[in-house]
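These protein sequence lines map, in sequence, to chains X and H. For the first sequence, the numbering used here assigns the number 9 to the initial residue and increments by one for each residue that follows. For the second sequence, the numbering used here assigns the number 21 to the initial residue and increments by one for each residue that follows.
Be aware that one or more of the hints could be misleading.
Listed next, the in silico DSS-like pairs over lysine-lysine satisfying Cα-Cα at most 27 Å (straight line) [said to hold, decoys possible]: (1) H/418 / H/302; (2) H/310 / X/85; (3) X/62 / H/331; (4) H/425 / H/380; (5) H/380 / H/30; (6) X/59 / H/30; (7) X/21 / H/297; (8) X/45 / X/59; (9) H/302 / X/62; (10) H/25 / X/59; (11) X/62 / H/380.
Take a look, some chain H residues computed to stay more than 12 Å from chain X by CB distance [to be verified]: (12) 42; (13) 56; (14) 70; (15) 101; (16) 166; (17) 194; (18) 203; (19) 222; (20) 310; (21) 416.
No lab work stands behind these hints, which were simulated from the structure alone. Glycine included, C-beta positions come from ideal geometry on N, C-alpha and C.
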Amino acid sequence: MSVTVRIPTPLRKITNGLDKVSTSGSSLAEVIEELEKKFPGFQARIYDENKELKSFVNIFVNGEDIRFLDGLDTKTKSGDELSIVPAVAGGN
Amino acid sequence: MSYVKCLTCKQCNNQYPIDPINVCELCFGPLEVSYDYEKISRSVTRSSISNGPLNIWRYHQFLPVSLENAIDIGTGFTPLIHAKNLGALLGLKNLYIKNDSVNPSYSFKDRPVAVTTAKALEFDFKILACVSTGNLMGSVGAHAAKAKMKSYVFFPKGLEKGKIIGSSIYGARLISVDGNYDEVNRLCSELADNFKWAFVNINMRAYYAEGSKTLGFEVAEQLNWKAPAHCVVPAASGELHTKIWKGLMEMKDVGLIEKVNTKMHLAQPEGCSPIVKAFNNKETQVTPIKPNTIAKSLAIGNPASGPFALKTLKDSSGSAIAAPEEEISECIQLLAETEGIFTETAGGVVISSLRSLVKKNKINSEDITVAFITGNGLKTQEIVEDTVEYDEIKPTYKSFEEIIKI
Chain X
9 MSVTVRIPTP LRKITNGLDK VSTSGSSLAE VIEELEKKFP GFQARIYDEN KELKSFVNIF
69 VNGEDIRFLD GLDTKTKSGD ELSIVPAVAG GN
Chain H
21 MSYVKCLTCK QCNNQYPIDP INVCELCFGP LEVSYDYEKI SRSVTRSSIS NGPLNIWRYH
81 QFLPVSLENA IDIGTGFTPL IHAKNLGALL GLKNLYIKND SVNPSYSFKD RPVAVTTAKA
141 LEFDFKILAC VSTGNLMGSV GAHAAKAKMK SYVFFPKGLE KGKIIGSSIY GARLISVDGN
201 YDEVNRLCSE LADNFKWAFV NINMRAYYAE GSKTLGFEVA EQLNWKAPAH CVVPAASGEL
261 HTKIWKGLME MKDVGLIEKV NTKMHLAQPE GCSPIVKAFN NKETQVTPIK PNTIAKSLAI
321 GNPASGPFAL KTLKDSSGSA IAAPEEEISE CIQLLAETEG IFTETAGGVV ISSLRSLVKK
381 NKINSEDITV AFITGNGLKT QEIVEDTVEY DEIKPTYKSF EEIIKI
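Please take these sequences and the hints and turn them into a complete structure.
Put into structure tokens, the structure is as follows:
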């Protein structure tokens, strides 16, 4: 099963410049663990010391903010599109 | 001459060079422009500012662009009106309206966009882009036209007609997205990563946000170099609220004003008030919501500067108010009928919140209070359409006498 993850610019140094990565996992937390295996150091960039998402990191599963879903426990399935987006955008 | 040092992460203080970036690589925190304040304080005086141009560039030392690259369509130095009539009604002797709805594209957005457009040219961008709740897209269109750049504006479906026309007229390419603002914002964040465009409120956001400080500078200068006791500021992302505060603090830091004891009050519509909720629950983070408000220009459910607005509220001992939806159009009318200023929905939210602050005894009758009116009512006429009444007569003296019972 394969999930596509869109990588924002600040993380591309870790993903060797890739802007999209295909990976696996049946929940968001598992997907992030897989990404850590592929790209060591990935987790530390988006998790705080309690293994929670840093406050300025937003993650979307098929366009929906995971804070409206089940957070890191949000289920993922083959064909899903994940997007990691810095929170600091928009408005004034 | 530039007074800028670098970009600094507001979260972890890591420093970056002056590039079109807005996010810290280490912690994803927002980047902010850092200045050499000693150098600024050596080069500005009250009179050097007073003798400057009657637009935002009179404060160019505090902005991240060289003066020679300034783009000017007449942005800034808008009127600060002593609102005696509305003040008398509310019991406030020193109420002022900062009428920023008379900027070139009829909202305060011209301030950040003027700065960003100039900076985008310095970075050699050819295309200006934005995600907008309505006012920004007009401003981006206007400034791009003046700077001979192309512009692309993205907005949520169902926006007011006045705002759509008010952007397309400048030749902007308009893209209506079938989603709410937060969804459009997410899409544009993804696009900004791969398109070499100056997205004014994404990759250019650090420079963009600086433009809003000029509202704080102007108010202090117009109050004869004093910070007001209260500011009532509308909030969508919360950035304007923090930047007016930053503007006042910078003026104090370089010695242009003596002290800042300003309470920075924040106003949101009840149907989209995530910052107000977080503040009243004493939280340091904002939980996003799905907006449901007639104040479309404030309909951001996931406010990017939420945590910083919360900090500004706390640091300045301000209050956060959620204006009831049904009061918004009533307060648009109230401001128009008392002060001759026709504002959009965000202004209705501000006036309703001001009234609520007075009722809660948060503002004393002598306090110098500034209500920030940031957008123009002609753009959101739909909201007050129902209140319109008029007589129809024949072109005869008699016909007029029939309706004018004196």
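Consistency of the hints with the structure:
1. As the CA atoms of residue 418 of chain H and residue 302 of chain H are separated by approximately 65 Å, the hinted pair breaks the 27 Å bound.
2. Distance hint between residue 310 of chain H and residue 85 of chain X is fulfilled; the C-alpha atoms sit about 25 Å from each other, no more than 27 Å.
3. For the suggested pair residue 62 of chain X and residue 331 of chain H, the alpha carbons sit about 18 Å apart, so the restraint of at most 27 Å is met.
4. Our distance criterion of 27 Å between C-alpha atoms is broken by residue 425 of chain H and residue 380 of chain H, whose separation comes to about 42 Å.
5. Taking the CA atoms of residue 380 of chain H and residue 30 of chain H, the gap is near 33 Å; set against the 27 Å cutoff, the hint is violated.
6. Restraint check for residue 59 of chain X and residue 30 of chain H: the C-alpha separation of about 22 Å stays at or below 27 Å, so the hint holds.
7. Distance check on the hinted pair: residue 21 of chain X and residue 297 of chain H sit about 37 Å apart at the alpha-carbon level, beyond 27 Å; violated.
8. For the hint linking residue 45 of chain X to residue 59 of chain X, the alpha-carbon distance of about 16 Å falls within 27 Å, and the restraint holds.
9. Taken as a hint, the residue 302 of chain H and residue 62 of chain X pair is honoured in the structure, with Cα atoms around 19 Å apart against an allowance of 27 Å.
10. With a C-alpha separation of about 34 Å, the suggested pair residue 25 of chain H and residue 59 of chain X falls outside the 27 Å cut-off, and the hint is violated.
11. For a cut-off of 27 Å, the pair hint linking residue 62 of chain X to residue 380 of chain H is broken: about 37 Å separates their Cα positions.
12. A Cβ of chain X approaches the Cβ of residue 42 of chain H within 12 Å, the least distance being about 6 Å, so the stated non-interface status is violated.
13. Separation of residue 56 of chain H from chain X is adequate, the least Cβ-Cβ distance of about 24 Å exceeding the 12 Å criterion.
14. With a least CB separation of 27 Å from chain X, residue 70 of chain H remains clear of the 12 Å interface cut-off, as annotated.
15. Listed as outside the interface, residue 101 of chain H is consistent with that label: its C-beta sits roughly 23 Å from the nearest C-beta of chain X, beyond the 12 Å cut-off.
16. With a closest Cβ-Cβ approach of about 20 Å to chain X, residue 166 of chain H is found to remain outside the 12 Å limit, as its non-interface label requires.
17. With a closest Cβ-Cβ approach of about 18 Å to chain X, residue 194 of chain H is found to remain outside the 12 Å limit, as its non-interface label requires.
18. For residue 203 of chain H, the non-interface assignment is contradicted: its Cβ lies about 7 Å from the closest Cβ of chain X, within the 12 Å cut-off.
19. Its beta-carbon lying about 4 Å from the closest one in chain X, residue 222 of chain H breaks the requirement of being farther than 12 Å from that chain.
20. With a cut of 12 Å on Cβ distances, residue 310 of chain H falls inside the contact zone with chain X, its closest approach being about 8 Å.
21. Its beta-carbon lying about 53 Å from the closest one in chain X, residue 416 of chain H satisfies the requirement of being farther than 12 Å from that chain.
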